[in-house]
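Enquirer: The primary structure of each chain is shown beneath.
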Amino acid sequence: MIKKLKINGNNLPIKSHTILNMLKEIRVNSKNNNIAVAVNYEVVQKTKWTDYKIKSGDIIEIVRPLKGG
Amino acid sequence: MNDLLSIEKKKFKSRLFMGTSKYPNYEILLKALKVSGTEAVTVAIRRISLKKNDENILDILKKDYFIIPNTAGCYTVKEAVLTAKLAREALETNFVKLEVIGDDENLLPDVENLIPAAKELVNNNFVVLPYCNDDPIVCKKLEDIGCAAIMPLAAPIGTGMGIQNDYNLRIIVDNANIPVIVDAGVGTASDVAVAMEIGCDGVLLNTAVAEAHNPVMMASAMAKGIVAGREAFLAGRISKKFHAKASTTNKGKIKIN
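Top line first, the protein sequences correspond to chains A and B. Positions 1 to 69 (our numbering) are the ones given, in order, by the first sequence. Positions 1 to 257 (our numbering) are the ones given, in order, by the second sequence.
Just chain A, same shape as in the assembly:
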């Protein structure tokens, strides 16, 4: 079933059921240890990416560090 997710402000159709598979589906390097994910404004720890079930309507933020002051 296709889920309609908002990922980093973009409406995207996603087939995957878990965060880890969703990252793979959108070609994000999930092995990058310096990314973090929030679903509906709650951080989901990396250790839970294989278990956490995403659903249609979820708002997802995927972030990483970059240069800053």
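Here are the simulated DSS-like cross-link-like pairs (lysine-lysine), alpha carbons at most 25 Å apart as the crow flies:
1. A:K24 / A:K55
2. B:K63 / B:K22
3. B:K51 / A:K46
4. A:K53 / B:K78
5. B:K78 / A:K48
6. A:K6 / B:K52
7. A:K31 / A:K53
8. B:K52 / A:K3
9. A:K46 / B:K62
10. B:K52 / A:K24
11. A:K55 / A:K3
12. A:K55 / B:K78
13. A:K46 / B:K52
14. B:K62 / A:K31
15. B:K63 / B:K11
16. A:K31 / B:K51
17. A:K3 / B:K51
18. A:K31 / B:K63
19. B:K51 / A:K6
20. A:K6 / B:K78
21. A:K46 / B:K63
Chain A residues, not near chain B, derived (Cβ > 10 Å throughout):
22. I2
23. H17
24. T50
25. K53
26. K55
27. S56
Chain B residues, not near chain A, derived (Cβ > 12 Å throughout):
28. N106
29. K141
30. N177
31. G252
32. I256
These are computed hints drawn from the structure, not numbers from a lab. Beta carbons: idealized from backbone N, C-alpha and C, even for Gly.
Based on the hints, put chain B in the right spot on chain A.
Expert: Chain B only, in chain A's frame:
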């Protein structure tokens, strides 16, 4: 001389903290950081690009520095707290430079939201370093709610105007029982030295070095400025006097009638 700066359980030999943005390129950034002698740098937290692979700043910094994420660009408590929590997850650190700003023209701290954001993060076991106004009352409130240091601005971010309210900063230093680290608005090495001479415990800067005509040389100047200011503070300056006091005795002076 053992003159370490302690923030929570983390100790720093250098009292200069550096931001990592606005440099012409990464090569200059890395050279500037090296000559500055800094041990701690700040980074921001932003969305990854879904269209291309982003470079990882941590790969560029190569674990040579203690990383302090900021909540730059956050206007609300919820934004700042979520950004801090994402930063903790991404970087595995409890340290956060907390920024909650009130407008995008002056980038001045929004005290009304800064204090509850700081309180929520302290309650969630963050080591909170809040970027704040040079207001002694606000700084004391931030200390009282458990912030690990306070970071009053010298002047608005990126202005390079140097310390605008020397008097307030002195009160803040006098009242504080936690480190006072001047953050924002520094323009040149003398600004850093002045902050340290006032009794501040450190300085965080970014634009003053990154956008200097010669960033690497300016970083070197800042390194010297921070040490000069700190030593002058520890040495104890003479008091300011209204009238002159000769440095040379009049005894033995020639006289022409």
